[in-house]
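All chains should be built: construct the whole structure from the sequences, respecting the hints.
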Amino acid sequence: LEESDAVCDAVREAVAEAVALLATDESDAEGLVEPTTAALEDRLRLVLAAAPREFAGPLDFVGAPSTKATEHLGEAATWTAAEACVFVANNARAAANALRAPAPSTRLAADLDRLTDDALDLLARHAASDLLRRTNLDAGLDLAREADLVGDTTTVSAKDRLPSETLAAALRAFYSSLFAAPTPDFKTLVHTADRARAKASAARRLADAHHRLYDFARHADYRDTSFLLHTPRQVCVLLDCDDLS
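Numbering of the sequence shown is given in my numbering, commencing with residue 252 and proceeding in unit increments.
If you are wondering where the hints come from, they were derived from the structure by calculation, not from laboratory data.
None of the values given here were measured: they were computed from a predicted structure.
Every residue gets a Cβ at the ideal spot worked out from N, C-alpha and C, and that includes glycine.
Treat the hints with care, as some may be off.
List of simulated lysine to aspartate or glutamate pairs, EDC-like, C-alpha gap at most 20 angstroms [claimed, not checked]: (1) K438 - D368; (2) K438 - D372; (3) K438 - D381; (4) K438 - E334; (5) K438 - D491; (6) K438 - D369.
Okay, the calculated beta carbon distance ranges per label pair [claimed, not checked]: (7) A444 - D293: 23 to 33 angstroms; (8) T439 - A261: 12 to 22 angstroms; (9) A352 - F430: 39 to 49 angstroms; (10) A352 - R296: 19 to 29 angstroms; (11) D472 - T287: 55 to 65 angstroms; (12) D368 - E334: 14 to 24 angstroms; (13) R358 - N387: 42 to 52 angstroms; (14) T417 - D293: 43 to 53 angstroms; (15) E285 - K438: 18 to 28 angstroms; (16) R385 - P414: 34 to 44 angstroms; (17) F430 - D293: 40 to 50 angstroms; (18) G282 - A447: 28 to 38 angstroms; (19) P286 - N387: 47 to 57 angstroms.
Okay, here's the thing in structure tokens:
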């Protein structure tokens with residue numbers, strides 16, 4: 252198991268035990284190791300599940316935080332959502348890589364890889380939601396979502412519930428952020444590929460949120476939509492992500 256301060260002692264010990272057994276000539280080594288790796292995965296998923304959510308519902312939802320009882324998690328109960336996601340991603344990835352080392356154990360490692368991916372996706376959702384909240388685009392996204400649900404933009408009185416001046420200010424703040432650092436570097440993630448995945452996922456969620464809001468504003472009852480300074484394609488370019496069209 253790679254040496255890293257990001258890997259906790261409990262994970263290191265469980266994986267060392269599993270790797271030692273996999274390196275033996277036991278015919279059913281994987282079967283003997285599976286309870287240990289399954290328990291490890293369950294413990295890490297518990298940390299991830301208890302992370303305070305800063306959104307709910309659809310993937311681009313930006314809402315108030317919700318919390319769960321986390322007394323049983325000890326120190327992890329005080330972590331932010333981002334800290335919990337990073338902890339799970341780093342530990343699950345390290346464990347998966349270690350399980351492949353003695354004799355490729357793709358089945359056991361695959362479960363931990365999926366857990367890592369879940370943590371990275373959750374981390375990206377939090378990062379994207381944080382920027383959308385800070386730029387006050389959450390009200391506009393709520394209206395766009397309502398229009399999607401009823402299937403008719405014209406039934407949502409956007410100009411009365413969200414004046415164009417308010418939406419324009421929020422979009423200006425969002426557009427300005429695109430020229431700075433709209434997504435974090437996720438430097439606390441140990442693996443470079445995991446940092447790149449989280450960053451790309453956050454960027455794509457931001458682009459998707461803007462695309463939905465852009466389409467909504469164009470078809471809503473705003474007389475002047477000059478506040479839509481950038482098209483969805485331009486935002487994708489600024490975020491360095493694939494075109495969503």
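Quick rundown of the hints versus the structure:
no., hint, result
1, K438 - D368, "holds (17 angstroms)"
2, K438 - D372, "holds (16 angstroms)"
3, K438 - D381, "holds (17 angstroms)"
4, K438 - E334, "holds (12 angstroms)"
5, K438 - D491, "holds (19 angstroms)"
6, K438 - D369, "holds (18 angstroms)"
7, A444 - D293: 23 to 33 angstroms, "holds (25 angstroms)"
8, T439 - A261: 12 to 22 angstroms, "holds (19 angstroms)"
9, A352 - F430: 39 to 49 angstroms, "holds (43 angstroms)"
10, A352 - R296: 19 to 29 angstroms, "holds (23 angstroms)"
11, D472 - T287: 55 to 65 angstroms, "holds (60 angstroms)"
12, D368 - E334: 14 to 24 angstroms, "holds (18 angstroms)"
13, R358 - N387: 42 to 52 angstroms, "holds (47 angstroms)"
14, T417 - D293: 43 to 53 angstroms, "holds (46 angstroms)"
15, E285 - K438: 18 to 28 angstroms, "violated (34 angstroms)"
16, R385 - P414: 34 to 44 angstroms, "violated (20 angstroms)"
17, F430 - D293: 40 to 50 angstroms, "holds (43 angstroms)"
18, G282 - A447: 28 to 38 angstroms, "holds (35 angstroms)"
19, P286 - N387: 47 to 57 angstroms, "holds (49 angstroms)"
Hints 15, 16 from the earlier list are contradicted by this structure; the remaining hints agree with it.
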